[in-house]
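Enquirer: Sequence:
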Amino acid sequence: MSSHTHPISLQTGDALLIVDVQSDFLPGGSLAVPRGDEVIAVLNGYLAAFQQAGLPVLATRDWHPSKHCSFLPQGGPWPPHCVAGSAGANLAPGLKLPADVIVISKATDRSRDAYSGFEGTELDRLLREAGVRRLFIGGLATDYCVLNTVGDALKLGYQTVLLQDAVRAVDVHPGDGARAMGQMLERGAMAVTLKQIRVVSP
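Residue 192 is where the sequence shown starts when you use our numbering, and the numbers rise one by one after that.
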């Protein structure tokens, strides 16, 4: 499947998953994603739709120990970021998350990195318990945590919808984000934008 332009009606079995929209990944943060703050307003539109439809909302966050293996001082590729309990690890204050949002902490083991929200977490169990079959995924960054979370969602059998207007890429190598988008669509994700979303009141 690929990009579609027809309306998508939210229904029972759908859930919204927001990936790693944390202060350290926003402009001014220790690992800022270029234009990462642009996803917040769009995600708030999706959040409003899912809340209006009475559907579950989940959010992943990097929640690293202070000397995590992914950090440069420990030989990893990234500057220290999203250290558990730090201001930089907070979900973006501009996100209008519902009171009952389920927050999934990932990459909490000092010796293991985890780009996917499913890796080493209870995300799959929680989704199955909630009867979720179709997962709408947006956030940061397209070419790392979104790519890996979408890939695992597809492997686990979820219908997976990529919010293409609510992701931004690191682009360590120019074009990484575009390549990641292509890979997700090739693997079976469907790409949508906010204007396609329709809410049928519960």
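Hint data in this document are derived by calculation from the structure and do not stem from the laboratory. Think of the CB as a built atom: it goes at the ideal place given N, C-alpha and C, for glycine as much as any other residue. Mixed in with the good hints, there may be bad ones.
Have a look at the derived ranges for each label pair, beta carbon to beta carbon [claimed, not checked]:
hint, residue 1, residue 2, range
1, V390, G322, 30 to 36 Å
2, L263, E320, 23 to 29 Å
3, H364, G245, 38 to 44 Å
4, P264, G379, 18 to 24 Å
5, S221, G366, 37 to 43 Å
6, A321, Q265, 18 to 24 Å
7, K258, V391, 47 to 53 Å
8, D300, K386, 38 to 44 Å
9, K386, S302, 27 to 33 Å
10, G373, P264, 32 to 38 Å
11, V363, T203, 37 to 43 Å
12, R226, G373, 39 to 45 Å
In the DMTMM-like style, the derived pairs of lysine to aspartate or glutamate whose C-alpha atoms are separated by at most 25 Å in a straight line are [stated by the list, open to error]:
hint, residue 1, residue 2
13, K258, E313
14, K287, D304
15, K346, D304
16, K258, D291
17, K258, E229
Enquirer: A separate judgement is required for each hint: does it hold in the structure or not?
Expert: Here is how each hint holds up against the structure:
1. V390 with G322: 30 to 36 Å: 19 Å, violated
2. L263 with E320: 23 to 29 Å: 38 Å, violated
3. H364 with G245: 38 to 44 Å: Roughly 42 Å apart at Cβ, these two residues keep to the hinted range, so it holds.
4. P264 with G379: 18 to 24 Å: The hint (18 to 24 Å, Cβ to Cβ) is violated, given that P264 and G379 are roughly 38 Å apart.
5. S221 with G366: 37 to 43 Å: 24 Å, violated
6. A321 with Q265: 18 to 24 Å: 36 Å, violated
7. K258 with V391: 47 to 53 Å: Since K258 and V391 have Cβ atoms about 49 Å apart, the given range 47 to 53 Å holds.
8. D300 with K386: 38 to 44 Å: 40 Å, holds
9. K386 with S302: 27 to 33 Å: Given a distance of about 44 Å, which is not inside 27 to 33 Å, the answer is violated.
10. G373 with P264: 32 to 38 Å: With a Cβ separation near 34 Å, G373 and P264 satisfy 32 to 38 Å, so the hint holds.
11. V363 with T203: 37 to 43 Å: 39 Å, holds
12. R226 with G373: 39 to 45 Å: 20 Å, violated
13. K258 with E313: 23 Å, holds
14. K287 with D304: Roughly 28 Å separates the two Cα atoms, so the pair is violated.
15. K346 with D304: Answer holds: K346 to D304 is near 19 Å, not above 25 Å.
16. K258 with D291: 31 Å, violated
17. K258 with E229: Not OK: K258 and E229 at ~30 Å, beyond 25 Å, violated.
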